[in-house]
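Chemist: Chain by chain, the residues:
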Amino acid sequence: MAERTYPFNTWYAVAWDYEIAEGRLLPRRICNKPLVFYRKKDGTAVAMDDACWHRLAPLSKGKVVNDNVVCPYHGLVFEPGGRCVHMPSQETINPSACVRTYPLVDRHRLCWVWMGDPALADPNLIPDLHWNDDPEWAGDGTTLHLKANYLLAVDNLMDLTHETFVHQGSIGNDAVAEAPFRTTHGPGTATVTRWILNQEPPAFWGEQLGKPGPVDRWQIIHFTAPSTIALDVGVAPAGTGAPEGDRSQGVNGYITFAITPETETTTHYFWAANRNFDIDNQSRTTIWREGVRKIFAQDEAILESQQQAIEANPDKTFYDLNIDAGGAWARRKVAEMIEAEQATMRRAV
Amino acid sequence: MAERTYPFNTWYAVAWDYEIAEGRLLPRRICNKPLVFYRKKDGTAVAMDDACWHRLAPLSKGKVVNDNVVCPYHGLVFEPGGRCVHMPSQETINPSACVRTYPLVDRHRLCWVWMGDPALADPNLIPDLHWNDDPEWAGDGTTLHLKANYLLAVDNLMDLTHETFVHQGSIGNDAVAEAPFRTTHGPGTATVTRWILNQEPPAFWGEQLGKPGPVDRWQIIHFTAPSTIALDVGVAPAGTGAPEGDRSQGVNGYITFAITPETETTTHYFWAANRNFDIDNQSRTTIWREGVRKIFAQDEAILESQQQAIEANPDKTFYDLNIDAGGAWARRKVAEMIEAEQATMRRAV
Amino acid sequence: MAERTYPFNTWYAVAWDYEIAEGRLLPRRICNKPLVFYRKKDGTAVAMDDACWHRLAPLSKGKVVNDNVVCPYHGLVFEPGGRCVHMPSQETINPSACVRTYPLVDRHRLCWVWMGDPALADPNLIPDLHWNDDPEWAGDGTTLHLKANYLLAVDNLMDLTHETFVHQGSIGNDAVAEAPFRTTHGPGTATVTRWILNQEPPAFWGEQLGKPGPVDRWQIIHFTAPSTIALDVGVAPAGTGAPEGDRSQGVNGYITFAITPETETTTHYFWAANRNFDIDNQSRTTIWREGVRKIFAQDEAILESQQQAIEANPDKTFYDLNIDAGGAWARRKVAEMIEAEQATMRRAV
Numbered sequence: 001m002a003e004r005t006y007p008f009n010t011w012y013a014v015a016w017d018y019e020i021a022e023g024r025l026l027p028r029r030i031c032n033k034p035l036v037f038y039r040k041k042d043g044t045a046v047a048m049d050d051a052c053w054h055r056l057a058p059l060s061k062g063k064v065v066n067d068n069v070v071c072p073y074h075g076l077v078f079e080p081g082g083r084c085v086h087m088p089s090q091e092t093i094n095p096s097a098c099v100r101t102y103p104l105v106d107r108h109r110l111c112w113v114w115m116g117d118p119a120l121a122d123p124n125l126i127p128d129l130h131w132n133d134d135p136e137w138a139g140d141g142t143t144l145h146l147k148a149n150y151l152l153a154v155d156n157l158m159d160l161t162h163e164t165f166v167h168q169g170s171i172g173n174d175a176v177a178e179a180p181f182r183t184t185h186g187p188g189t190a191t192v193t194r195w196i197l198n199q200e201p202p203a204f205w206g207e208q209l210g211k212p213g214p215v216d217r218w219q220i221i222h223f224t225a226p227s228t229i230a231l232d233v234g235v236a237p238a239g240t241g242a243p244e245g246d247r248s249q250g251v252n253g254y255i256t257f258a259i260t261p262e263t264e265t266t267t268h269y270f271w272a273a274n275r276n277f278d279i280d281n282q283s284r285t286t287i288w289r290e291g292v293r294k295i296f297a298q299d300e301a302i303l304e305s306q307q308q309a310i311e312a313n314p315d316k317t318f319y320d321l322n323i324d325a326g327g328a329w330a331r332r333k334v335a336e337m338i339e340a341e342q343a344t345m346r347r348a349v
Numbered sequence: 001m002a003e004r005t006y007p008f009n010t011w012y013a014v015a016w017d018y019e020i021a022e023g024r025l026l027p028r029r030i031c032n033k034p035l036v037f038y039r040k041k042d043g044t045a046v047a048m049d050d051a052c053w054h055r056l057a058p059l060s061k062g063k064v065v066n067d068n069v070v071c072p073y074h075g076l077v078f079e080p081g082g083r084c085v086h087m088p089s090q091e092t093i094n095p096s097a098c099v100r101t102y103p104l105v106d107r108h109r110l111c112w113v114w115m116g117d118p119a120l121a122d123p124n125l126i127p128d129l130h131w132n133d134d135p136e137w138a139g140d141g142t143t144l145h146l147k148a149n150y151l152l153a154v155d156n157l158m159d160l161t162h163e164t165f166v167h168q169g170s171i172g173n174d175a176v177a178e179a180p181f182r183t184t185h186g187p188g189t190a191t192v193t194r195w196i197l198n199q200e201p202p203a204f205w206g207e208q209l210g211k212p213g214p215v216d217r218w219q220i221i222h223f224t225a226p227s228t229i230a231l232d233v234g235v236a237p238a239g240t241g242a243p244e245g246d247r248s249q250g251v252n253g254y255i256t257f258a259i260t261p262e263t264e265t266t267t268h269y270f271w272a273a274n275r276n277f278d279i280d281n282q283s284r285t286t287i288w289r290e291g292v293r294k295i296f297a298q299d300e301a302i303l304e305s306q307q308q309a310i311e312a313n314p315d316k317t318f319y320d321l322n323i324d325a326g327g328a329w330a331r332r333k334v335a336e337m338i339e340a341e342q343a344t345m346r347r348a349v
Numbered sequence: 001m002a003e004r005t006y007p008f009n010t011w012y013a014v015a016w017d018y019e020i021a022e023g024r025l026l027p028r029r030i031c032n033k034p035l036v037f038y039r040k041k042d043g044t045a046v047a048m049d050d051a052c053w054h055r056l057a058p059l060s061k062g063k064v065v066n067d068n069v070v071c072p073y074h075g076l077v078f079e080p081g082g083r084c085v086h087m088p089s090q091e092t093i094n095p096s097a098c099v100r101t102y103p104l105v106d107r108h109r110l111c112w113v114w115m116g117d118p119a120l121a122d123p124n125l126i127p128d129l130h131w132n133d134d135p136e137w138a139g140d141g142t143t144l145h146l147k148a149n150y151l152l153a154v155d156n157l158m159d160l161t162h163e164t165f166v167h168q169g170s171i172g173n174d175a176v177a178e179a180p181f182r183t184t185h186g187p188g189t190a191t192v193t194r195w196i197l198n199q200e201p202p203a204f205w206g207e208q209l210g211k212p213g214p215v216d217r218w219q220i221i222h223f224t225a226p227s228t229i230a231l232d233v234g235v236a237p238a239g240t241g242a243p244e245g246d247r248s249q250g251v252n253g254y255i256t257f258a259i260t261p262e263t264e265t266t267t268h269y270f271w272a273a274n275r276n277f278d279i280d281n282q283s284r285t286t287i288w289r290e291g292v293r294k295i296f297a298q299d300e301a302i303l304e305s306q307q308q309a310i311e312a313n314p315d316k317t318f319y320d321l322n323i324d325a326g327g328a329w330a331r332r333k334v335a336e337m338i339e340a341e342q343a344t345m346r347r348a349v
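Protein chains in written order, with the numbering used here: chain G, 1 to 349; chain W, 1 to 349; chain F, 1 to 349.
Any given hint could turn out to be false.
The list treats identical chains as interchangeable, and a pair is accepted whether it falls inside one copy or across any two copies.
[To be verified] Mimicking DSBU-like on lysine-lysine, the simulated pairs with C-alpha atoms at most 30 Å apart in a straight line are: (1) Lys61 with Lys211; (2) Lys61 with Lys147; (3) Lys147 with Lys316; (4) Lys61 with Lys316; (5) Lys211 with Lys294; (6) Lys41 with Lys147; (7) Lys61 with Lys294; (8) Lys41 with Lys63.
In short, the hints are calculated from the structure, not lab data.
Looking at chain G on its own, in the form it has when it is part of the complex:
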């Protein structure tokens, strides 16, 4: 993993919207860069390098005064655009004194940063995770701090066969690994579709449907490069449609994932579990969130041990199975983004 595995010219989720608050400085490392986040009085969120221009003291240990950041060490003041507007004991301010700031946008309950060329930072490129704040959907989520490269988390989600082995008893059973799936892809996207027909549902889904009998279960994985996933999952009574069960008679969830490299070997993993039924029932929201949290804790354990094994076996490489078709397309889309960036940088030289 000596090479950089993540692109810069893309939007990364850095925090839940409520984590970035007015007057409070939040430090967080994104793509191996220490950043600091805060919100101005008008509600706009700001991202800047967490190192003072002068002597690199972390601005996140300073304070916010009138929407500006004051360095904790010598009191230099930076306005939200990163320009230094006050230096101690001198009236003339070095015109080059500034810290780098980054485009930061609130969208779908998350804050998204653009680490690359700011001229390319089009908010329309933020992936669609509208299920997080659509009034027709209810749900909640949280953040997993994963001690593994972010692409291992992408691999994990692009192939749900692992549910049979890692999540046996909750959402996994033998039927998942046995069902066929279909992989498609487009510019910067990949999709894996799996229908598991006419099977007894696993425990979690049986409870959600609340009806006895076999179900048709679907898992449709919508990936947007480099690391956003909207997972369309649900079950419907078997035989209510053709060739697959009728969604309108079933129960449906959208699990959203925004997966952000912290370093090459650690990851901020933001997820939310949303549903479009019984949406006013806060108790069900809690049951979903806590159920999913337990499932992801199992993934966390396997992914962290996989990361450790990668480091302990530098002579070994990955091989692909048929089930890796989706993950392979996801990694190819990411590689294309990184290559495109590097080509641009070479032209700029």
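Once you've looked at the hints, dock chains W and F against the given chain G.
Modeler: Leaving out everything else, chains W and F in the frame of chain G:
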């Protein structure tokens, strides 16, 4: 310590026989390789790389089913020879899918692995530590996990002069450092013989002999490269033989050591303290084991601080004293093994 | 920080005098070298490499016998000059067997070592910190173990503007950052002088003076390369002299600092807070020491976070403000010492 300090074409003890059990996966790093061990229903012990062929997930977190290992992540199944016999969601198995396995043999209450060329793995090359399971001997031991290079432990055992300074009061006294010794060597072996004549025994040996008066004490160190030692120790009443005391009137122990590199700076150190008298007395077995354990804890402290000093003083080197004759032969035998291996590898290219 | 940031041909404080005691071995790393210190029966302090000539075992885990050091592992004995005077089990001693020793001098309640060429180790070069043991002054101090490069601590002390931001409420207020200052320098020295005229004193100084009304406050920073500082601070009633207040009507302290590199990123920071009034009042001595200790804990927090930020932002550098004039001279004097040493070493080749 940038170069590898251990050979591969040799048998290393990896575990006590009872540690490797049927249906249980034991992870352990040997020669810087993560391995996993288990026992088949027929009692045969198996060693394989602890990383799945597919994505390197540690097999040791999976399970054993019908003598096969099932990967915890995607359920790939490997038979005891390392060949993959099941892949999820596909019927055709990639014929190259396998994990490396290693010859593993039970001998003298330990399990021994061969990390190098399996064609050379002759069980007759396993060093003789029969005192560990010979019915004429009784004893017990355990494992020390040492945070030091394995050759520092070999040095330590090849020169028992250190008993005077490190183990004063239990087995060490001034007489040890003052007594002359003799060093001999053969192919892959070295021996150091020391008789300490007509001296008051140190506390431990006085208690074992149970007779007052001066003793002739012996320490005969049998080294087999790279890191097995059988230490023949005992005392006999002085003057019962010539030129040395009569062993048959004394008490005798064989302390066995199988010292295995975990990494370049950590070591699995398996030892057992055996004796050929009062062998049905379990209480004496316990006294020996606990007495020796305390003595080795003193060695552990000095060896770990020596390892730290080596790392903290990269500009310094070792110098030899006369007492290092045995250790110097031991290191030369190890160096010859490594050179022979490297010559073979060059010819193979 | 890949290059060495500290010179060797200079005196570094390594311990308070009481820390180096007769018959006790004190290990401490200085300029990235593990050393061991002890005191002979005649009171002379000794410094030597903390690694036995033979196998690098740390001598600090051995013992002192008749002013000599006995290695804990094999009992080699080194006299205070570092020469080996006893080897186990042999009568002839290798004449080259020795450990390096270093000039070590007691001065001003501290022990000072010379890590470089011993021919240059003139005790007259030890910086003047006589306030630590002058009978006209009273005070006390202690040691801070700082996880930051030693020059960050020098920077911190050469510009007291940071008091306004880091120590607001105790010794800092806005007046400090606003007051002008003057920087001068000489061979191996730099001085920063700041008078803050006709201001309400900050809390600490108001209590010391014990008189109401505005004060003239002074901060005169006397730096001796590479890392000793005598800080002359005090307040006098405003208007008692011209152009500045009359010191004889005020209160005066000398805070002394001897700042020693442990490694490139850690520092031994010896300080004492002395005063020349009410000197028999032990309670006031304690109040000063504890007050200063709290202030330095604030510096410790900011300096350690600065060190972390430096390591986390390898692409960033330092920029200077006007307030850095003193620190810039200090760093230049240190750089000159290192360059002079390297020129000498080149000539010696």
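Chemist: Would you mind marking each hint as holding or not holding in the structure?
Modeler: Right, here's what the structure says about each hint:
In the homo-oligomer, the alpha carbons of Lys61 and Lys211 never lie at most 30 Å apart, since the shortest distance is 55 Å inside one protomer and 36 Å across protomers. Within a single copy, Lys61 and Lys147 get their C-alpha atoms as close as 25 Å, and across copies as close as 17 Å, so both meet the 30 Å cut-off. Taking the closest pair of Cα atoms, Lys147 and Lys316 come within 30 Å of each other both inside a single copy (20 Å) and across two copies (26 Å). For a Cα distance limit of 30 Å, the shortest separation of Lys61 from Lys316 across copies, 18 Å, qualifies, whereas the shortest one inside one copy, 42 Å, does not.
Proximity of Lys211 and Lys294 under a CA criterion of 30 Å is satisfied intra-copy only: 24 Å inside one chain copy versus 66 Å between copies. In the homo-oligomer, the alpha carbons of Lys41 and Lys147 never lie at most 30 Å apart, since the shortest distance is 35 Å inside one protomer and 37 Å across protomers. Proximity of Lys61 and Lys294 under a CA criterion of 30 Å is satisfied inter-copy only: 18 Å between copies versus 34 Å inside one chain copy. Taking the shortest alpha-carbon separations for Lys41 and Lys63, only the intra-copy value of 14 Å comes in at or below 30 Å, while the best inter-copy value is 56 Å.
Consistency note: the structure conflicts with the earlier hints numbered 1 and 6.
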